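Fit chain V to the known structure of chain Z by using the hints.
Protein chains: 2
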Amino acid sequence: MLLPATIKQKSIWNKILNQEKVQLTERTKIKTNAIRAVYDIESIIKIIDESFLCHIGFAIENQPFVIPVCFGRENDKIFFHGAKGSRMFHALRAGKEICVTISIVDGIVLARSAFNHTINYRSVVIFGKAHELIDPAEKTNALKIITEHIVPGRWNDVRKPTDKELNATSIFSLEINEVSAKVRTGPPLDDEDDLKLNVWAGVLPLKILKEEPVEDISSVDTQNRNLSIPGYIKNYNRPY
Amino acid sequence: MLLPATIKQKSIWNKILNQEKVQLTERTKIKTNAIRAVYDIESIIKIIDESFLCHIGFAIENQPFVIPVCFGRENDKIFFHGAKGSRMFHALRAGKEICVTISIVDGIVLARSAFNHTINYRSVVIFGKAHELIDPAEKTNALKIITEHIVPGRWNDVRKPTDKELNATSIFSLEINEVSAKVRTGPPLDDEDDLKLNVWAGVLPLKILKEEPVEDISSVDTQNRNLSIPGYIKNYNRPY
Numbered sequence: 008m009l010l011p012a013t014i015k016q017k018s019i020w021n022k023i024l025n026q027e028k029v030q031l032t033e034r035t036k037i038k039t040n041a042i043r044a045v046y047d048i049e050s051i052i053k054i055i056d057e058s059f060l061c062h063i064g065f066a067i068e069n070q071p072f073v074i075p076v077c078f079g080r081e082n083d084k085i086f087f088h089g090a091k092g093s094r095m096f097h098a099l100r101a102g103k104e105i106c107v108t109i110s111i112v113d114g115i116v117l118a119r120s121a122f123n124h125t126i127n128y129r130s131v132v133i134f135g136k137a138h139e140l141i142d143p144a145e146k147t148n149a150l151k152i153i154t155e156h157i158v159p160g161r162w163n164d165v166r167k168p169t170d171k172e173l174n175a176t177s178i179f180s181l182e183i184n185e186v187s188a189k190v191r192t193g194p195p196l197d198d199e200d201d202l203k204l205n206v207w208a209g210v211l212p213l214k215i216l217k218e219e220p221v222e223d224i225s226s227v228d229t230q231n232r233n234l235s236i237p238g239y240i241k242n243y244n245r246p247y
Numbered sequence: 008m009l010l011p012a013t014i015k016q017k018s019i020w021n022k023i024l025n026q027e028k029v030q031l032t033e034r035t036k037i038k039t040n041a042i043r044a045v046y047d048i049e050s051i052i053k054i055i056d057e058s059f060l061c062h063i064g065f066a067i068e069n070q071p072f073v074i075p076v077c078f079g080r081e082n083d084k085i086f087f088h089g090a091k092g093s094r095m096f097h098a099l100r101a102g103k104e105i106c107v108t109i110s111i112v113d114g115i116v117l118a119r120s121a122f123n124h125t126i127n128y129r130s131v132v133i134f135g136k137a138h139e140l141i142d143p144a145e146k147t148n149a150l151k152i153i154t155e156h157i158v159p160g161r162w163n164d165v166r167k168p169t170d171k172e173l174n175a176t177s178i179f180s181l182e183i184n185e186v187s188a189k190v191r192t193g194p195p196l197d198d199e200d201d202l203k204l205n206v207w208a209g210v211l212p213l214k215i216l217k218e219e220p221v222e223d224i225s226s227v228d229t230q231n232r233n234l235s236i237p238g239y240i241k242n243y244n245r246p247y
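Chains as they are written, first to last, in the working numbering: chain Z, 8 to 247; chain V, 8 to 247.
Chain Z with its partners taken away, still in its complex shape (with noise of 0.2 Å):
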């Protein structure tokens, strides 16, 4: 059933212990390439906590913006935050719609027309407003979610925030609870009359991978520090 995009769907979380479906709205409906189309919770929530980087669009009198944000999950909800004053966080406050959409790049599909060439991903988007957090634990929780979704095993280990430092900071969650996702997976699809051709084709997979740490070095006294690198980070991954 197609509901229209303002109908309010009740608890996603639910609907995932129960690996139920979303319920498509006009916005979320996935009309092009629709066989590429996933609209199964657990599936969704996978790609969603495999990134940590989310592009959010807005609108202002029918301008589009579209930013770059880290972001963190926790349930149903994504977490993500900013300096106050910026354009996005003003647009957010006014109560606009947002476009959150997560991709994932997993290899180049060489076929063998130049038509067929494609690549195989995986993205989500979901449309919604952000809520902005203004009690001081509510957003120290939020940062946490964030900074533990990004490296798992990080928040215990730092500095926690001061007063001074959540003040400063702007910080917005928006339910995923409109989404959806699509995904193409597997070799080229070759025309019939294009398998006999002397090319070679299939996928190259491509994949974000850890290169070494670099210890910040340059601001402290090394001598009288050993500090080994965590096991986070030496053997950090995505998904983890």
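Keep in mind the hints are simulated off the structure, nothing from the lab. Among these hints, one or two may not hold up.
Identical copies go unnamed one by one, so any copy, or any two together, can satisfy a pair.
Said to hold, decoys possible - Restricting the straight-line Cα-Cα distance to at most 30 Å, the calculated cross-link-like pairs of lysine-lysine (BS3-like) are:
no. : residue 1 : residue 2
1   : K53       : K203
2   : K103      : K136
3   : K53       : K84
4   : K53       : K171
5   : K217      : K167
6   : K214      : K241
7   : K91       : K203
8   : K151      : K167
9   : K203      : K217
10  : K136      : K84
11  : K171      : K203
12  : K203      : K151
13  : K91       : K36
14  : K203      : K241
15  : K214      : K167
16  : K171      : K84
17  : K203      : K167
18  : K53       : K36
19  : K36       : K171
20  : K217      : K171
21  : K214      : K151
22  : K103      : K171
23  : K103      : K151
As the structure is a computational prediction, the values presented were derived from the model and not from experiment.
Positioned in the frame of chain Z, the structure of chain V alone reads:
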């Protein structure tokens, strides 16, 4: 000098050759963390060329949409294509303003305080209206630009688009004209008081790397085939 967004900027390509900076408009002037703003065209083009995925934002009655799309660049234009009937291309054909954002994550910046955590990144934002290509020769050339941008060397090897395929594809170009970039590099910037804390701090670099190519042998008679992996796949790397 800050120009209104409506004033057309001439020939960004001349600016590149003359190593000029872009002219700022209300839309492209970076207000938050302005210290990270980059307006010289050569640096901006390098970021664009290292990527092949952008996020295109458009708005329909103030409802924003953000769609991940592959692109190619030649001179002062980016090109992207897709299925004719998509919601995005309807909007573009109607002359809607778009915002194209390209983001590269270079690493996670681990400070001694939660608050000073950030990421190293490079991002570009382009504003404007996209222009649809109609002429078949122009469309073919644009597909070549996109293919060669994503996998340099590939175009010569593959079967070229037919008229029917060109007809099924919409291709748009966008001038890299009203553009700016934002870049963060380097170690964490901790508060003086935090430097004495016994917390490992530094940068965990991240990079998109290729894995082993997977040949498509599912759909071909491999007995008569002995295709070696092309060098442009074997040695694939970005930036190239």
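(Q) I'd like to know which numbered hints this structure contradicts. Please list them from smallest to largest. (A) 1, 4, 20
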